[in-house]
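K.L.:
Make one complex out of these two single chains by using the hints.
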Amino acid sequence: MKIEVLGTGCPKCKQFAANAEAAVKELNIQVEVNKVTDIGKIIEYGVMMTPALVVDGVVITAGKVLSKDEIKKILSK
Amino acid sequence: MIKPIIDWLVYGIFKMRKGALLSEALNFFLYDTIKIFLLLTVIIFIVAIIRTFFSPEKTRLILSNKKNCWGNVLAAFLGIVTPFCSCSAVPLFLGFLEAGVPLGVTFSFLVASPMINEVALVMLWGIFGWKISLIYIGSGLVIAIVSGIVIGSFKVEDLVEQFGQKKQACCAVLLSGMKFRDRIVYAEEYVTDLLKRIWLFVILGIGVGAWIHGYVPADFLGRIAGKGNWLAVPLATLIGIPLYSNAAGVIPLVSALTEKGVAMGTALSFMMAVTALSLPEFIILRRAMKLKLLIIFASVVGMGIMFTGYLFNLILR
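Residue numbers (my numbering), protein chains in the order written: chain U, 1 to 77; chain W, 1 to 317.
These aren't lab readings, by the way, just hints derived from the structure by calculation.
Hints are supplied without guarantee of correctness; some may be wrong.
Said to hold, decoys possible - The calculated label-pair distances, taken between Cβ atoms and stated as ranges, are: (1) E26/U to E188/W: 34 to 42 Å; (2) L238/W to S67/U: 36 to 44 Å; (3) G138/W to K77/U: 46 to 54 Å; (4) K25/U to R286/W: 32 to 40 Å.
Stated by the list, open to error - Simulated pairs of lysine to any residue, SDA-like, Cα-Cα distance not exceeding 20 Å: (5) K12/U to K227/W; (6) K196/W to Q15/U; (7) K41/U to K72/U; (8) K14/U to P280/W; (9) K196/W to C10/U; (10) K58/W to I60/U; (11) K64/U to R197/W; (12) K64/U to P83/W; (13) K12/U to N117/W; (14) K227/W to M306/W; (15) K35/U to I284/W; (16) K41/U to E98/W; (17) K64/U to R181/W; (18) K179/W to I74/U; (19) K12/U to V185/W; (20) K12/U to R197/W; (21) K72/U to I29/U; (22) K14/U to F307/W; (23) K3/W to L39/W.
We put the CB at the ideal spot given by N, CA and C, even for glycine.
Excised from the complex, chain W in its bound form (with noise of 0.2 Å):
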């Protein structure tokens, strides 16, 4: 629907020669950043609606005293609904402890919510397409999941800082009790003020991505970040640890990369640590956990997506 518009603008309007360089690239500019626009808005909007029936609080409950597995995996999907942002992390994370929730358990939540994000989710889905999105949910969850069921049997328990005690519930007046038309208001707000962090990195993502596809030459990268280099995946790892919160920006760049001869594993590993391994979100979080808990925590969830990496590098093409 978008394509024949944007031909039309670009070998009509601007009178661009078919099949040259320049015009291919910014044909391939324009329709992914229309395309990407257009999933964002839509998709985030009814995120966000959803996100209105679930809340921290909510969740909590739900999760609390769960002390077997289906707690880890209860978190891992709860992880996707609820809300999280990476500067609440700390409060969130003593919150669940207080409340009950074990530890393995609070992690799968904690792996899960900012990796498998709204964001990253529809660039995947915009970008790579539904399989790739499927696999990446998929292994993000077992990711999770595993995580949390590993560092559970630690009985690192002690690991947390401790804090005083709580001296009151929260909240009097939160989401629920919302209605219809809160729900509307709250989800276009959501909209807005994410478009407004997240679009230029989209842009910047999509553009270097338009260029790398129109004048790198194919198997580029084939041999450094190809299938037969075994030190690619733990590398793309370390190098998404300090990109975080520019997922937005980075899945495009990606896909272009892996069009250039990048592993598909590789570049999964690398998306995942750019998500889940952040590390602003970890020097938060050392307010709440002792450092070899922190790195308890950040080699486990590595190890996992390095593993994820190696194993779609022999499976996949």
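If we strip away everything but chain U, and leave its shape as in the complex, we get (with noise of 0.2 Å):
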């Protein structure tokens, strides 16, 4: 699995990163979570707003800063 945070640095957008490695580990699943802030890279993906969570390539939720609980839930499906 391939998880990965998109988001240009703003606070909502760390506070979500970091939301979601905290999920990971409480998963205890062996993935990194990629912060993605390059714009372009975040264009391609088609976001428009920041926060996002992509995970392998796909693009789940875009302008929410996704609690702890939320984020395990989409990863163990």
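P.N.:
Rendered as structure tokens:
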């Protein structure tokens, strides 16, 4: 599994990345959370609002800071 | 309803003398702070609920291929209700263009969205009253619509930075498909988050405002920033540019300054510049626009704001 957090470095994006990392840790899965800050990459995913969560190249959510539990729910599917 | 409680607290409990400068300033401060926080909580909760029905994706769909002026009008109105944060201004701007929203229409959205935001509206309504709020909304919409049409007529599409083509459509889970309870939860989070960010600015703004209200002599600023000085409007606009994200603190301050002789049109120009023209946002937008386009954008909107200032300096009072 590949997890990416898209964000331009705003406080919300940092919070979101931290939540994602905490979720991965609690689920005990061996994946790294990649923080994508490059605007070009974010555009490529068709995202208009950051932060966004991308799992295996598929955009799951955009524009909302998900909680740790919400991310856990998405990742365990 | 709040007024008697504050009077009782200040004159009854604190035993402060009615009419004394300090007690009047404290009374003014407590009354405004409580009123504004009540208004902020209620109105922003309602706005947040409305916002759950809109998303940038939906707005983009409505606006795509709207070639004539109606596109600009629609974009300005949608700018009020579509959630927007300056940190996602670039992906939003490029996302709109890519979906076939004309450049001018995109600019109408980009002007209206930060200028007519819920915090500014609550502060204006709570502090200046409904009349000034309506003037602000009305002129904000006109500036957004006209600026968009003007920039659109320049045919400057080549000044937008090019990025790679997008590979897929966003998103699997979005705000759509929310249940009523989800909307309430979203709105609660939105209000808490916002209040956490702005409470200090609000208190500072009202506090300094209360101090000016009580201690600065009336018409102190009349000569520098009154109607007589034609330079006041452009100066107010320029000073407003670096003050972004402090709309919550700036508005009560401006209100106190208008009592001391700053003309209303000049005050409007200043508040509009604070919300619509922001230096940090320009720096972010530079990644999506060539410098020339950024300058065109800032000058067109800036001229609109100054025109509004002069106009209301002539009409009001």
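K.L.:
Each hint: holds or not?
P.N.:
Against the structure, the hints come out as follows:
no.	hint	result
1	E26/U to E188/W: 34 to 42 Å	violated (25 Å)
2	L238/W to S67/U: 36 to 44 Å	holds (42 Å)
3	G138/W to K77/U: 46 to 54 Å	holds (48 Å)
4	K25/U to R286/W: 32 to 40 Å	holds (37 Å)
5	K12/U to K227/W	violated (43 Å)
6	K196/W to Q15/U	holds (15 Å)
7	K41/U to K72/U	violated (24 Å)
8	K14/U to P280/W	holds (18 Å)
9	K196/W to C10/U	holds (16 Å)
10	K58/W to I60/U	holds (17 Å)
11	K64/U to R197/W	holds (17 Å)
12	K64/U to P83/W	holds (11 Å)
13	K12/U to N117/W	holds (19 Å)
14	K227/W to M306/W	holds (13 Å)
15	K35/U to I284/W	holds (18 Å)
16	K41/U to E98/W	holds (15 Å)
17	K64/U to R181/W	holds (16 Å)
18	K179/W to I74/U	holds (18 Å)
19	K12/U to V185/W	holds (18 Å)
20	K12/U to R197/W	holds (12 Å)
21	K72/U to I29/U	holds (11 Å)
22	K14/U to F307/W	violated (40 Å)
23	K3/W to L39/W	holds (15 Å)
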